[in-house]
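Student: Starting from the structure of chain H, add chain D where the hints point.
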Amino acid sequence: MKYKGAEVLLKALEAEGVDTIFGYPGGVVLPIYDALYDSDINHILTRHEQGAAHAADGYARATGKAGVCLATSGPGATNLVTGIANAYMDSVPLVAITGQVVTSLLGRDSFQEADITGITLPITKHNYMVKDPNDLGDIVKEAFHLATTGRPGPVLIDIPKDISTAEVDYQGSGPLNLPGYKPPTAGAEDLVNQAASALMRSERPVIYAGGGVVASGAHQELKQLAEVLAAPVTTTLMGIGGFPDDHPLSLGMLGMHGTRYANYAVSECDLLLAVGVRFDDRVTSKIESFAKDATIIHIDIDPAELGKNVRVDVPIVGNVSIVLKQLLERLAAKLPGAWQEKINRWKKEYPLNYQVSDVTIKPQQVISEIYNVTGGNARITTEVGQHQMWAAQYYNYTKPRSFISSGGLGTMGYGFPAAIGVQVGCPDEVVFDIAGDGSIQMNIQELGTAVNYDLPVNVAVMNNGYLGMVRQWQELFYNRRYSQSEMTSPDFVKLAEAYGAEGYRVEDPTDIRSVLEQAVASSKPVMMDFVVEQEENVVPMVAPGEPINKMLG
Amino acid sequence: MLHTLAVLVENNPGVLARVAGLFSRRGFNIDSLAVGRTDNPAISRMTIVVEGDDHTLEQVTKQLHKLVDVIKINDVTNEPHVDRELVLIKVPVDRASRLEVMQIADVFRAKVVDYGPKTLTLEATGTGEKIDALEEALRPFGIKELVRTGKISILRGAKYTTANITKEEE
Chain H
5 MKYKGAEVLL KALEAEGVDT IFGYPGGVVL PIYDALYDSD INHILTRHEQ
55 GAAHAADGYA RATGKAGVCL ATSGPGATNL VTGIANAYMD SVPLVAITGQ
105 VVTSLLGRDS FQEADITGIT LPITKHNYMV KDPNDLGDIV KEAFHLATTG
155 RPGPVLIDIP KDISTAEVDY QGSGPLNLPG YKPPTAGAED LVNQAASALM
205 RSERPVIYAG GGVVASGAHQ ELKQLAEVLA APVTTTLMGI GGFPDDHPLS
255 LGMLGMHGTR YANYAVSECD LLLAVGVRFD DRVTSKIESF AKDATIIHID
305 IDPAELGKNV RVDVPIVGNV SIVLKQLLER LAAKLPGAWQ EKINRWKKEY
355 PLNYQVSDVT IKPQQVISEI YNVTGGNARI TTEVGQHQMW AAQYYNYTKP
405 RSFISSGGLG TMGYGFPAAI GVQVGCPDEV VFDIAGDGSI QMNIQELGTA
455 VNYDLPVNVA VMNNGYLGMV RQWQELFYNR RYSQSEMTSP DFVKLAEAYG
505 AEGYRVEDPT DIRSVLEQAV ASSKPVMMDF VVEQEENVVP MVAPGEPINK
555 MLG
Chain D
20 MLHTLAVLVE NNPGVLARVA GLFSRRGFNI DSLAVGRTDN PAISRMTIVV
70 EGDDHTLEQV TKQLHKLVDV IKINDVTNEP HVDRELVLIK VPVDRASRLE
120 VMQIADVFRA KVVDYGPKTL TLEATGTGEK IDALEEALRP FGIKELVRTG
170 KISILRGAKY TTANITKEEE
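Residue numbers (the working numbering), protein chains in the order written: chain H, 5 to 557; chain D, 20 to 189.
With the rest of the complex left out, here is chain H (with noise of 0.2 Å):
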């Protein structure tokens, strides 16, 4: 049966289970735009298509799809860069689809056209530009299997005018062909075995695990090896939520801001099995320091992870979670001695904590009152910054994809069009996006998407009148200088109030139980002001380049 590349795309988007796209119109997506009228796929427009691109990207981090968007050429697909090298560098699953000019025009500096697949050829795991529409259901079929099998990322298709609307035969996609790529899965039998051994040698074990952990669902296989070897686990900012925080193994995050007995155990262990993990600089900050006693086992997906930044002992290619299994049949239960007890002693005397004021209201406060208002239920986004780092220490993540924040590239902007993903990947839960002043203004326009779908998500924007991290860096690093990092902010509240949402200006920490309470109560989006103590900083803190144990604060 003939049908147009438009209505070509939507059908195999159906057959690989897309319900929901993020997208913006324009010129050369109108074929697409049309067919979808009469489709059963949800679109959700966005203000703007890096809130497109984001909103995909918190969809796929919250429910484990791969999360969809779509935008015009030109313009429109280059809005959605940022989004894809945000996605690229935390391995998120993401299909972005950009049109193009027609065939025609290409190469001849046509209006609104870009080579978005030559932008794109650095931050995707692949991508496609579609010469032939023929072959348009092969493609939707490979890119879906790309972005979410191996290690995950974005991938991107683009799709020339004259190729939505050709006709062409499709009865179904054919055969993947992709006979470069084998995704691994079970680790080396010999190396699976040195590990084990390692292991159960070993007198002073750390887990050191990541984002593979969360991505490839291995955080019971985690919580098991962990409870087997007695072993703490520190997770990464990708890996929160993939063991339990309030674990009594758990030591939190580890690295540039992570705890004290996450940076001192890890400095001190005589092994550390790293799991999905990639030894990101905000992690190992100076290298040669790092684990330097310990042997290193490292388990990743991507095989050009390992020995990539330090030098690995037990390298194990495979799936996180099949491995960890592999690992489990081979290892005897173990007691806690006296590492436990040692990292159980830095835990008593370096515990997380502020200085809580009955005057001026503490970040850290509402991050915690938060977690008490939601029970620990809520998904949690943020943006980046001081307050993304206090939402990883102060709210006590027992659950999986729980924690849903901009990790390898840092995008300020990413939390609250991530929160619109994640509330429509996951309607019936409640929803935070954790902000500051700076980052919410940089995607505040997504309140109109919020209010047009009726998402009742929640932002809560910790008000210091500073991008709070840059000054927090000028105060430390460039002598009290705060060149450009002073920032005056609209009337949240009324801001909010002229999209249709609600707004609350908070100043009293007495208020801001109540407050919480009424926004999770509002089936409205809302926008919490919580003008917050100025000049907090976020502690510990690892000066760069220096050991993880050389702390701050």
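For the record, the hints were derived by calculation from the structure and aren't laboratory data.
Hints should not be assumed to be uniformly reliable.
Computed list of lysine-lysine pairs in DSSO-like fashion (alpha-carbon distance at most 27 Å, straight line) [claimed, not checked]:
1) D/K85 to H/K69
2) D/K91 to H/K135
3) D/K178 to H/K186
Derived, one-sided and incomplete: chain H residues facing chain D with beta-carbon distance under 8 Å [claimed, not checked]:
4) T121
5) L150
6) Y185
Calculated Cβ distances over 12 Å to all of chain D for the following chain H residues [to be verified]:
7) T169
8) P248
9) S372
10) Y503
A virtual CB, placed ideally from N, CA and C, is assigned to each residue, including glycine.
Tutor: Just chain D now, with coordinates in the frame of chain H:
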């Protein structure tokens, strides 16, 4: 140290840009890159000469493997292999020097592929060293133009790096 990689890739548009872009953005040094299709028109073969220590080479190989279009990579540096480069060199000649250039060509088993009133163009194949030597020998005559293909390479004996492509069934 220089390494020679034999890389089989799918003959898709943009594959060269993907490979070259990967080298530049990861900070790897390409010494030469030669590419052409194989006996299977769907597959191209790149011979990439890259400079770096063992760690760099490991990363180059692993990062290349991440490209979906890359089917197979072989580091043939330490395996018995034959490698060749092709060069075309245009040299200005006059009555006195013409014979001398032809004698040099003879020594290097280079062919005269164009014979003009004022120039000779030579074609030679061989290892990079041989081609360098020919270039040096002709330099005193004043080389007008020189073009090299970059190295291509193949394993000796029964070993081969061809991938058998079968359509993957679902």
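Student: Next step is simple, just say for each hint if it's right about the structure.
Tutor: Okay, the hints, checked on the actual structure:
1. D/K85 to H/K69: holds (22 Å)
2. D/K91 to H/K135: holds (26 Å)
3. D/K178 to H/K186: Roughly 23 Å between the alpha carbons, so the hint for D/K178 and H/K186 holds.
4. T121: Interface hint status for H/T121: holds (7 Å vs cutoff 8 Å).
5. L150: holds (6 Å)
6. Y185: Given a least distance of 5 Å, the restraint on H/Y185 holds.
7. T169: The claim holds: H/T169 sits with its nearest Cβ about 22 Å from chain D, beyond 12 Å.
8. P248: holds (33 Å)
9. S372: holds (41 Å)
10. Y503: holds (40 Å)
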